[in-house]
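Assemble chain B onto chain A, guided by the hints.
Those protein sequences? They're chains A and B, same order as listed. Oh and the first sequence: position 86 is 86 in the UniProt record's numbering, straight run, nothing missing. Oh and the second sequence: position 75 is 75 in the UniProt record's numbering, straight run, nothing missing.
Hints should not be assumed to be uniformly reliable.
Cut-off 30 Å, straight-line C-alpha distance, at most; resulting in silico cross-link-like pairs (BS3-like, lysine-lysine) [stated by the list, open to error]:
no.: 1; chain 1: B; residue 1: K4; chain 2: A; residue 2: K65
no.: 2; chain 1: A; residue 1: K65; chain 2: B; residue 2: K17
no.: 3; chain 1: B; residue 1: K4; chain 2: A; residue 2: K45
no.: 4; chain 1: A; residue 1: K45; chain 2: A; residue 2: K65
no.: 5; chain 1: B; residue 1: K39; chain 2: B; residue 2: K4
no.: 6; chain 1: A; residue 1: K65; chain 2: A; residue 2: K125
no.: 7; chain 1: A; residue 1: K125; chain 2: B; residue 2: K17
no.: 8; chain 1: B; residue 1: K129; chain 2: A; residue 2: K65
no.: 9; chain 1: B; residue 1: K17; chain 2: B; residue 2: K4
no.: 10; chain 1: B; residue 1: K4; chain 2: B; residue 2: K129
no.: 11; chain 1: A; residue 1: K125; chain 2: B; residue 2: K129
Chain A side only, calculated, beta carbon under 8 Å to chain B, not exhaustive [claimed, not checked]:
no.: 12; residue: A10
no.: 13; residue: F49
no.: 14; residue: T131
Derived by calculation from the structure, the hints in this document are not laboratory data. Keep in mind that this is a model prediction, so the values were computed, not measured. All C-beta atoms in this analysis are idealised placements derived from N, C-alpha and C, irrespective of residue type, glycine included.
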Amino acid sequence: MSLFRVFDIAGSAMTAQSIRLNTTASNLANAESATSSTGQPYRAKQVVFSATQLNANQPQAVGVKVAAVSEDQSPARLVYDPANPLADATGYIAMPNVNVVEEMTNMISASRSYQTNADMMNTAKTLLQRTLQLGSV
Amino acid sequence: MLSKINRHFAFNETALKLRATRQEVIASNIANADTPGYKARDFDFAATLGSAVTAQRGQGVGLSRTDSRHLAGKPVNDLEALLMYRNDVQPSIDGNTVDMNIEMSNFTDNAVRYQASLTFMQQRIAGMKAALQSQ
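Next up, chain A with everything else stripped away, as it sits in the complex (with noise of 0.2 Å):
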C-alpha cells in the first residue's frame, strides 16, 4: 500500500526540519557566547539537507536526511570592549559569527516546512481511512 510510504516521507522530512530547527535554537541561545569548551568563540551551525531514497525498488518515494552539520566558516564578529577580561590586547573581543536576521527567517522556514509535513500526513491519514471503509456502505 503506497500511501503508507507518504507517512515516511513526510515523517522523514519532519526528522529533518526538526534538526534543522534544533541548530537554529542553539545558534539563537549562543549568539553571545564569546567563549566555548575548544576556548574559541561559538560558530554557527548549518544543516545540509540530502535527498534519500527511501527503498530501492521505488524511484517515486524520496525522503530527505540531514546529510552533514557544517559550521558556518565567515570570521568573528569583533566586538570593542576592553573590560571584558576576554578582550585582546587592542581590546577587542571576539564574538560569535551568528547571523540573528539569518537565524530567524531559517527558523520560520522550518516551522512552516514543518506545517507542511504535517497537513500532508494528515491527507494521508483521511485517504487511508476512506479506503479501510471501503465496501462497508
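The following block gives chain B in isolation, referenced to the frame of chain A:
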C-alpha cells in the same frame, strides 16, 4: 465467475494504485522543498493509466520469443522511465525546482481525485451487492 468480478474492479483498482503512487511522488517533492539540488518530479497520469489498462487487457505490444534464452520484453509501465522532471517556474540558486504552490495544488487535487475514485469503487461494490441479493 471470480475472474469476472476481478475484471469488473480492475480499472478502478489500477486508477487507485496510480493515484496513491502519484500522491507519493508529490509528497516526495514537498518533503524535499528545502533540499539543495533536488528536482521536482511527476508523471503523466492519463498516459500512465492508459498504458497500464492496455497492458492489463493484453493488448500491449510484447516481444515474441522463439527461444527460451531470449530476453523478455520489459513492461511499458515501468515507473522509473515514466517519472519526469517538472519545468521550473522560478529557478532558485541552489538548484531546487520545487514550487510549493504547484506541489500543494497538485497534492490536494490528487487527494480529491483519489477520493473520487474511491467513490466510484464504492458505487461498483454497491451495484454488485444489489445484483447478488435476492429480491
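Verification of the hints:
1. At roughly 46 Å between alpha-carbon atoms, K4 (chain B) and K65 (chain A) are farther apart than 30 Å, so this suggested pair is violated.
2. Straight-line distance between C-alpha atoms of K65 (chain A) and K17 (chain B) comes to about 27 Å, which keeps the hinted pair within the 30 Å bound.
3. Between K4 (chain B) and K45 (chain A) the alpha-carbon distance is near 62 Å, which puts this suggested pair outside the 30 Å criterion.
4. With a CA separation close to 16 Å, the supplied pair K45 (chain A) and K65 (chain A) stays within the 30 Å bound.
5. Between K39 (chain B) and K4 (chain B) the alpha-carbon distance is near 42 Å, which puts this suggested pair outside the 30 Å criterion.
6. Only pairs whose Cα atoms come within 30 Å are accepted, and K65 (chain A) paired with K125 (chain A) is accepted, the gap being roughly 23 Å.
7. Using a Cα cut-off of 30 Å, the hinted pair K125 (chain A) and K17 (chain B) holds, with the two alpha carbons roughly 16 Å apart.
8. At roughly 47 Å between alpha-carbon atoms, K129 (chain B) and K65 (chain A) are farther apart than 30 Å, so this suggested pair is violated.
9. At roughly 20 Å between alpha-carbon atoms, K17 (chain B) and K4 (chain B) fall within 30 Å of each other, so this suggested pair holds.
10. With a C-alpha separation of about 15 Å, the suggested pair K4 (chain B) and K129 (chain B) falls inside the 30 Å cut-off, and the hint holds.
11. As the CA atoms of K125 (chain A) and K129 (chain B) are separated by approximately 27 Å, the hinted pair is consistent with the 30 Å bound.
12. Residue-level restraint check for A10 (chain A) holds (minimum Cβ-Cβ distance to chain B is 6 Å; threshold 8 Å).
13. Satisfaction of the interface hint for F49 (chain A) is found here, the shortest Cβ-Cβ separation to chain B being roughly 4 Å, below the 8 Å cut-off.
14. Using the Cβ-Cβ criterion of 8 Å, the hint placing T131 (chain A) at the interface with chain B is satisfied: the shortest such distance is roughly 6 Å.
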